[in-house]
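Based on the provided sequences and hints, a complete structural model is requested.
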Amino acid sequence: MLLIRCPYCEEERPELEFRNAGEAHIARSANMAGESDDDFEKFFFIRSNPKGIIYERWRHMHGCARFFNAVRDTVTDKFIMTYKAGEPKPAKLPKDSNEVVAK
Amino acid sequence: MSGAFRIPSAGRLSQAKTARFSFDGQSYSGIEGDTLASALLANGVHLVGRSFKYHRPRGVLSAGAEEPNALVQIVRDDARKTPNVRATVQELYDGLAANSQNRWPSLSFDVGAVNDIASPMFSAGFYYKTFMWPKAAWKSLYEPKIREAAGLGVSPDRPDPDHYSSRYAHCDVLVLGGGAAGIAAALAAAGTGVRVILADEQAEFGGSLRFESGAKIDGQDGFAWAQAAIARLSAMDNVRVLPRTTAFGYYAQNFVALVERVSDHLKAPGHDLPRERLWQVRAKRVVLASGAIERHMVFANNDRPGIMLAGAARTFLNHYGVAVGRNVGVYTANDSAYAAAIDLKKAGVNVAAIVDLRDNPTGPVIDEARALGIEINFGRAVIRAGGKLRVSSMTVQPKNGGGERTIPVDAILMSAGWTPSVHLFSQSRGKVAFNHETQRFVPGTYAQDCVSVGACNGTDGLSATVDEAYAAGAKAAKDAGAKTAKGTKPKVDASENWSRGMLGAAPGAGPDTTVKAFVDFQNDVTAKDIRQAVHEGMRSIEHVKRFTTNGMATDQGKTSNMHGLAIAAETLGKPIPEVGLTTFRAPYTPVTFGAIVSHARGPLFDPTRKTAIHPWAEAHGAVFEDVGQWKRAWYFPKAGEDMHAAVDRECVAVRNQAGLFDASTLGKIEVVGPDAAKFMELLYTNPWEKLEPGRCRYGIMLREDGFIYDDGVVGRLAPDRFHVTTTTGGAPRVMNHMEDYLQTEFPHLNVWLTSITEQWAVIAVQGPSARKIIEPLVEGIDMSDEALPHMSVREGKICGVPTRLFRMSFTGERGFEVNVPADYGQAVWEALWAEGQKHGAAAYGTEAMHVLRAEKGYIIVGQDTDGTVTPNDAGLDWAVGKKKTDFVGIRGMMRPDLVAKGRKQLVGLKTKDPKVVLEEGAQIVEDPKQAIPMKMIGHVTSSYWSQNCGRSIALALVTGGRDRMGDTLYVPMPNGVIEVEVTGMVFFDETGGRLNG
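First to last, the protein sequences are chains A and B. For the first sequence, the working numbering assigns the number 1 to the initial residue and increments by one for each residue that follows. For the second sequence, the working numbering assigns the number 104 to the initial residue and increments by one for each residue that follows.
Derived from the structure by calculation, the hints contain no laboratory data. Among these hints, one or two may not hold up.
Said to hold, decoys possible - Each computed DSS-like pair below joins lysine-lysine, with the alpha-carbon atoms no more than 27 Å apart:
hint, chain 1, residue 1, chain 2, residue 2
1, B, K120, A, K42
2, B, K120, B, K449
3, B, K987, B, K1015
4, A, K42, A, K92
5, B, K987, A, K42
6, B, K1032, B, K1018
7, B, K387, B, K502
8, B, K875, B, K793
9, A, K42, B, K985
10, B, K581, A, K78
11, A, K78, B, K578
12, B, K387, A, K78
13, A, K51, B, K534
14, B, K1032, B, K959
15, B, K534, A, K78
16, A, K42, A, K89
17, B, K793, B, K781
18, A, K84, B, K959
This is the structure:
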């Protein structure tokens, strides 16, 4: 069972307390009704599903109940970092993840 | 004397403590501390089972968890019949009863052994090739027959009466394996004061010190040293010592699953003891000290009972005091079998001959064997074993050919060398590396914070093992945060050293032969099968494995994998590392479902939720139905009533007088804050800003894709406070959906969400007399139609307790939903019930509720919708705010396919014969005479007998349904076609006058 660090609780907690909530950094348009078919398709249907680094949302369901973002390697299942909802996508990942990122 | 083959001067068991046991009904005597295997061998019983495919007679191969042959059924009572128990692991207790498996009518005469004679039919890939044609025969003929013949042992046919336990634990250093290496590592780590867990699968710690008679540590016999060390460790507060505990799975972030066999070794375990305990351990550092497993020699008939691993024979002698024969032969390709021969010879057993494949090996054990007068044959092979139910001879030949010589024996001890047990390391996602010099796979690249020590790391010799393990234990403790170290490293005074050996088939199983030289005993895979797999085109070891099933039995190929790999590599003409090793997967040894499920079964499998009014419903004879985790009153039958009669009566009572319904399971969420209305605007299709406090509205929630997700009546209690109801099943996901948007998309809104489902009990009072029933109990609320019109809400008191009183209706009658704090739910229900009795009210359940709402065409999300239904499809366009610029689903609803013509729309159906009630889920067609498969244009979503309408009624999703009003459609059923007419969805009181009636 994975340990996941909740950025709000500032603690590593077992995976059982969390729920995955899909890919992160997919912004909902402020003018939703005016979106083109193509833009809506990208927003609603298209996900990156990478082999390697994924930016995804998690919820600390059985803890503080907050949604947050995580960077995870889909190959090793390793969590590289977690950060609060609303914070920008990290430009740089922590140093010890270089090997993972290089893949 | 417990068995003719017990040697009183040998072994560590106390002869005084005898234990009676039975095997296949025959009674025997053993000693406490025996395993079933050692006790059987002490009585001269080698034949213990029949093999899986060929039904060949099989005996005990090993003395441990790697056992592929000696699998028995242990029978405690009618319900406790455990199949496939390894006799080498099962500890003996007085009264133990075991049966052999896979034989009929008896172990020594087994009809299924005809498979052995017919074995050319059953070669590798047999199932894939033989049962292909005709296709139809698979289901009717082949599969049932194969299932009947396949499998080992018999599953128990009653629920498991035992209970199981599970624990989570955390530690700094987890040591897996309690031989010399594991103990040394644990001593080093424990001395620093960090938290240590040491686990071993055996009942007693010591590992191979159980049989290594030459080992001396700290001036003591190796096994005695191990026991003393374990006693010291057990006495330390920071150490947990777990015997009989197998680490079976190594998962991410040093999470290790172990199973402790708590009471399988006890004669009469008390009910307070679990049978097994699952340990889920999170360790900062893991030390793997899982040892090595001896390999057998691959030669013709190497599976005859009496042929076993040399180290096992040594264990039976040195630990259990059992001689595995009186006249034993030895077949080896490394030194360790010599030690077995020497120990047996010294114990008075005749060693007929040692046959060594090597040409001219030298070493102290060889000298010692020679000095004891044992005949040694170098450069020779055992090309076949004689005997059937028990080995009777071994036929020896120079390995490059020449004259044969047959030597009578009653046991053969064999050793092809030792395979490091890298299973757990491999499970940790570490990568193994092949050592060409020693011809073995050892841990290479680590993926987690663990370290391998001793034999599992390819370290040879006790001295080097203890040095390595002690240093690793100290380092693991330091890495886990230890500050100080205390203790001294154990000193190895004497040890045995051997390595090397051979991989693959020995000369007696060469490429030209058709003999049965077994590689994998449990799955009956021979050297020939593996060669055949390569010849038939399998190139990857993963394919060879699946084609032959080598290593796929429950022993996970502990003795067979390396031999199989070497034979495949040789046949392919490739070096071993290029062919690769198959992946090791959890579990290391079989794990019971009981251990994994633990307490989570029966009533503890899933929570059962009951409303505050549940006890009243129970006392009044309600029949309950499961709705998610909830128990809901389904209907309230009176004496002599069946469900149909009860539901009819309840439905009629609601329309004519009144009914009381427990609606407490409805999901309820309070949406509070200055931006509450703005939030509601975004989450629901309806407009909310202008809804006046005190009024209610039916709300529809969509997902972003434009499909209906949930619905419910929402009351606005104050400008900044909404009381939202959801469907019973939808409450948790609606809450999650709201939180998701509030936290991530609309975090600028100042709103708080609180689940209040369990805080409020809800009593629906519906029917013409509803107001008369409630009014006398209410304080502070004017209940006149003017003051409290349909779809409004007031706060006040009922029976002296606070209430949120909704005027709303899910029946089409004048209706109210009385919300009271859950603790008062039953008391208020009883008061309302007493009032209701004056007006002829009935209690009604969910079935009547469904009928009543269907009579009015009110939908149930999840029944009449299925996640692909838009508000328009459901005829609910009126509930979508036309002037709104945004809400979740607004864009999804505009997708081309969602606005296209010809979508399925919700309509009513009336059967031409009013007595016929359609089946929910039944398919609808336009032309019943068309060829099968017919074109289906929709399906029935809800269907009931309506006593109030005097006929059946149904709702259905039908393609272009609203354009088909009055059309005749058809519902083909197995017993004929049912004619139906498409109608509107409202079957009763179309004008809605009764809401105020």
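Pairwise hint evaluation, K793(B) against K875(B), where the allowed Cα distance is 27 Å at most: Not OK: K875(B) and K793(B) at ~32 Å, beyond 27 Å, violated.
Next pair to validate is K581(B) with K78(A); report whether the Cα-Cα distance is within 27 Å. Distance ~24 Å between K581(B) and K78(A) Cα, so the pair holds.
Check whether the Cα positions of K78(A) and K578(B) lie no farther apart than 27 Å. 24 Å, holds
Has the given pair, K120(B) with K42(A), been kept, meaning a C-alpha gap of at most 27 Å? The given pair, whose Cα atoms are some 76 Å apart, is violated under the 27 Å limit.
Given the hinted pair K987(B) and K1015(B), is their alpha-carbon gap at most 27 Å? 43 Å, violated
Check whether the Cα positions of K1032(B) and K959(B) lie no farther apart than 27 Å. 33 Å, violated
Would you mind confirming whether the straight-line C-alpha gap from K42(A) to K985(B) stays at or under 27 Å? Holds, at about 26 Å.
Satisfaction of hint between K78(A) and K387(B), Cα-Cα up to 27 Å: Holds, at roughly 16 Å.
Sort out whether K502(B) lies within 27 Å of K387(B), counting only the CA atoms. Not OK: K387(B) and K502(B) at ~51 Å, beyond 27 Å, violated.
Pair hint outcome, K534(B) versus K78(A) [Cα-Cα no greater than 27 Å]: Distance of about 17 Å is within 27 Å: holds.
Holds or violated: are the alpha carbons of K42(A) and K89(A) at most 27 Å from each other? 18 Å, holds
Would the pair K987(B) and K42(A) pass a check requiring their Cα atoms to be no farther apart than 27 Å? 23 Å, holds
In summary, the structure is inconsistent with hints 1, 3, 7, 8, 14 and 18 from the numbered list given earlier, while agreeing with the others.
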